[in-house]
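So the sequences go chain by chain: A and B.
First residue of the first sequence? That's 1 in my numbering, and the numbers climb one at a time after it.
First residue of the second sequence? That's 1 in my numbering, and the numbers climb one at a time after it.
Everything labelled a hint here was simulated from the structure, so no lab data went into it.
Note that the structure is predicted; figures quoted are calculated from it, not measured.
Here a beta-carbon is modelled for each residue, glycine too, at the ideal position from N, C-alpha and C.
There could be a bad hint or two in this list.
To be verified - If you want a taste of the chain B side facing chain A, the calculated C-beta under 10 Å gives, among others:
hint, residue
1, Pro-50
2, Thr-83
3, Met-112
4, Ile-260
5, Ile-278
6, Gln-304
7, Leu-445
8, Pro-448
9, Leu-596
Said to hold, decoys possible - Stretch by stretch, here's where chain B covers chain A in the computed footprint (C-beta under 8 Å, at least three residues):
hint, segment
10, 111–119
11, 129–141
12, 229–241
13, 351–359
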Amino acid sequence: MSAAAQAVSTVRPAAKRPAAAKNLRALWPYLAQYKGSLALGMLMNAGLGITGVLAPILTGAIIDTLKNEPAPMAKLGHIGQVTLGPLLKYYHPGGRQTLTIFCLALVLAIAVKGVFSYWNRWILIGISRDIEYDLRNDLLTALLRQEPEFYVRNRTGEIMSRCTNDLNNVRMVLGPGIMYSATTFVTMILSVVLMVALSPRLSVWVLLPVPVVAVVVWYFGQVIHKLYEKIQASLATLSAKAQENLAGVRVIRAYAQEKAEQAGFDAPNREYVTRNLKLISTWSMFMPALTTLFGMTFLLVLWQGGRLVMIGTISVGELVAFYYFMVLLIFPMVALGFVTNIFQRGAASMGRINYILDAQPKISDAEARPLNGAEIRGQIEMRHLSFTYPTPRNAVGAEAQTAASNGQDGAPNAPVLRDINLKIPAGSTLAIVGPTGSGKSTLAILIARMWEAPEGSLLIDGRPIREWPIATLRGAIGFVPQDPFLFSETLGENIALGEETMVPEKVSAAAVIASIDAEIRDFPQKYETMVGERGITLSGGQKQRTTLARAILKNPKILILDDALSSVDTDTEEKILRGLKDVTRGRTTILVSHRCSTVRHADEIIVLREGVIVERGTHDELILQNGYYYDLYQKQLLEEELARE
Amino acid sequence: MSDFREEEKLGKAYDSHLTRRLVGYMKPYKAQVWFALFLTLVVTPLEILPPYLFAIALDSYIIPVTNGKLTFAVGMTKLLWVTLIYLATLLFSFAVQYVQIRVMQNVGQKTMYDMRTQIFARLQALPMSFYDKSPVGRLVTRVTTDVDALNDLFASGIVAMINDAFLLVSFVGVLLWLNWRLALATLSVLPLILVATWLFRNKARDGNRRIRTSLARINAFLNENVSGMAVVQLFRREKKAQSEFANLNRVYMEAYKDVIFAFALFYPAVEFLSTLAIALVFWFGGVRVLVGALQIGVIVAFMQYAQRFFRPIQDLSDKFNILQSAMAASERIFKLLDEPIPASAAAGTRFMEKPLGEIEFRNVWFAYHGGENPKEEEWILRDVSFRVPPGQTAAIVGHTGAGKTTVVQLLLRFYDIQRGQILLDGIDIREFDVQHLRKQFGIVLQDPFLFTGTLESNVKLGTEGITRAQVESALREVGLGPLLQSLSRGVETEITERGATLSVGQRQLVSFARALAHNPRFLILDEATSSVDTKTEEMIREALDRLLHGRTAVVIAHRLSTIQHAASILVFHKGKLREKGSHQELLAERGIYYRLYQLQYKDQELRAGIPPEIAGATAAETLPAND
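Work out the full structure: start from the sequences and follow the hints.
As structure tokens, then:
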């Protein structure tokens, strides 16, 4: 059932349905690109419709000749003469040759129809896949331009759903939506015209069920879609329950709650079944109801058509032709309702897609000034820099969503950085230490302009950061984030992430400095080793060193290590830092760390606490201050002692 | 999505072993299944009847009236009768189809329910080591997606296939009975239709498989790039991402085009073949009509049969896909259900009458990997022995990787040890019934795990016999009284996933209350390292005192206050119990503990962010750095 149910109702988590068919207008430019093919497809569609109605006419003529009627499909009159054309002169009542010729004509007509039908589908559905391809690429492009704030406001799951479910709904509009509308239109018009020509009275009778079928399909489509959404919601609850149980397995076992958990699982399990059964009761009504309605039309053909034959208004052949027309009309009847649903759902989905396509990032090159050959040297300056995150940063899930969309963030965010004044000369090393949440990472990421520092508070080489083109700025920065992020590709590709082309020597040279080269060479596939789900799982330390190599390879003017060696043991760290020394010569380096060992050789060390610089100086100066840094240093000595035990 | 590799390999559509096992799940609903199959016998004739009625009406009434062999009045009455029978057929068919679909879908849903219950129960019984190697996400799909894939099979697959097969056979039978010459003419295209279907199915299946895998790749790529967007932008990888994505996207589109091609070819081909059959009927039949050996109505009936003939064939080929994915899903499900539960886990039967509360580790050796004889470097605990007398608290201290958490897991018998003994009141814990053993413990984990539900359900969990009053008093005892009062719905306040609505400190306190409400003899506590404000810290300390009072406790201690108040301190280092004694004794030893203590002190200071002047002073006092 579900395959069919999906045809009627594609999965979409419940969402408000704005009555905005105008959303679909955004599709015009996409369609316009294929207007040639589209026109050709429509032409094929017309051919399909015309050759399609030949079959009932020819069938009728064949029956007429068997019935010894003096003329085939006489009721069609002029239309019949046009459609049957040259065949008419081969028509003889009860003629064997007539029979042969008309049978061949029937086969030929269907063969030609087949050619039209093939091109019709191939072109029109093909276009929908082409546009889907274009749209999907555009979605990615739009996503790539969004700043981090966008991703705080919109959860990954929601974005994914727009790129998959919603895109699919829109594709349905472009493909089946357009094609079925076109075929339905042509077939309906032609069939109805011919049927009316044959017998207006009978036409009225047999077309009675058409609107009923359309409405039934449309209505059931709606109901089924809603029930389907409910089922999806219930499935989500069920998964969440299982997920939670599995994640909390230790608590459950420790408290011997296995039985109770099973009982607890029963409720969502039952609910899921109940909702499914609700859909089933609708579904089991829908399909047979459709079959029955189609049966009704044939019944009407037989009953009323039979009557007309008996009183001599139409011939038996014409009755059979009527029957055949109704066979042709079955699909258009369903399509009427089906297509309405496709368009409704597609319009809503297009709205959600437009949200992404139209989103304009605030961080842009709007204020960028031409470079005129200027290059970043790496001097960084912060003037009274204070920073507050525009959206609740750590708020996760639904609350953040509603809060963000309602514009009522509850308590306004507290500033993360306050009145920071720093001058980092090009080529020097600045180290930042401080407790968790003191603003270290924020300070570091502002330099890469992932978030926007207040105007005039952040300057690179004496020039406001906004005046540097983003590409130039980020091209000059090697950033190693706290959580190493590796892509599901080879280790080599991961290291060469920022490169146009991968030069193996450069990759391994960077890896040597990051102290990961030897380990990579130990893997059977070396730098070709896949990372992630389809490859190996690296330890935290290995991941960090890989991402470090990535930044080193980029050969940046500004190197930022945001607590990037936290999972690396101190010995290896020493080694890396020694190696880095040569590399960092001439580069501005910013080290965020929890460890003294990392930062002790920095030209300047600052201690952040609650967004304020509370200590600053060199290692030796800070030791004398007897403050946070001093404690950090003592802690490190102890750690080293313990490790030796 | 995490499963896409497994989805890729779609194996055979039929596996007798799997099928037999699957059919076993329908046993409880035998009666319904037989009933549905019986309805097949009813529904088939109903589908065959209408064209035949058409033939009768034409040949016996309508045409005779036009030839003047029957009066109009009689003809019309008879036609009305045929029409009424037609109507009755339709209505009856509607009813039978409705009942049949409903019955089978019901069976399908109930079977799915049973299956999910069974899988879930299995998951509750599997040993902890199973969870160490199985990602949670993948296990969840066993309960959800995989079971749903079977639904199609149970609900519509089996019966519908029988329906279609029966219908096909009946069609052939009726055609032959009506007129064997015309039947042969009609059936002559059947081989061609079968070949076309077969070709199409292969083409479409191959395309669909590529669609599935490429879509999974597209989604994985999107997901990865959205999650790692910062890295993408920092390394200006946008262009590369675009071109890589375009490639994936193109593969997907091209796979789809292949499927479109297959459909575009298949539909007209089938229509052509069935029309060819009709033309053959017209020609062979027509010739006989012209010589007066056959009536027109029969030809019209054959035309209608030819138009309907193809549906069951196509349906059957669709069902083949359902079978295939059902087999793949059931294989994964059965693999989970067949996951062995080690015999030892259920062996113990002993119950503790009145536990005194003594814990003893006697020369315990343990390793997570390596089975009975692990390699030297795999040992996590090496020859650990200690005793905690009833009612006392032992604090476990040690650096990262010392084996602290392992001690706790072993006490609860999440894992079995390789050598030595763990004893409660002098009895080896392996002799106890596992559930009973665990019920003696209250446990508080480092990351207090809260479940979606209410405050009450989180304290009580599923334990029967804990009253609301007890829940409330437990919450008050740990100092959550004021919070409780501030909540309009009290203990019925909703807790969202993982307790996101509560603060870290509150979550810890709730898990304390949970332990308290269960009133266990033994207590295991893995202190949270997360920093909380001083006031909460104070509350936690007080709650802890209450919790520890009168219970035998093992505490993995991170807080100085806890360590200092413990009767004995066990110092673990690299898997060995290196020092034990009281706080003062151990400090005097100036060994590992001495340094660990200082480290912990430092840690706490650095985390809590004690104003520099105070921190400086304490450090200077306690730290003769390199003596």
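Evaluation of the provided hints:
no.: 1; hint: Pro-50; in the structure: 7 Å, holds
no.: 2; hint: Thr-83; in the structure: 4 Å, holds
no.: 3; hint: Met-112; in the structure: 7 Å, holds
no.: 4; hint: Ile-260; in the structure: 5 Å, holds
no.: 5; hint: Ile-278; in the structure: 7 Å, holds
no.: 6; hint: Gln-304; in the structure: 8 Å, holds
no.: 7; hint: Leu-445; in the structure: 6 Å, holds
no.: 8; hint: Pro-448; in the structure: 9 Å, holds
no.: 9; hint: Leu-596; in the structure: 7 Å, holds
no.: 10; hint: 111–119; in the structure: holds (count 7)
no.: 11; hint: 129–141; in the structure: holds (count 8)
no.: 12; hint: 229–241; in the structure: holds (count 5)
no.: 13; hint: 351–359; in the structure: violated (count 0)
Hint 13 from the list above is the single one not met by this structure.
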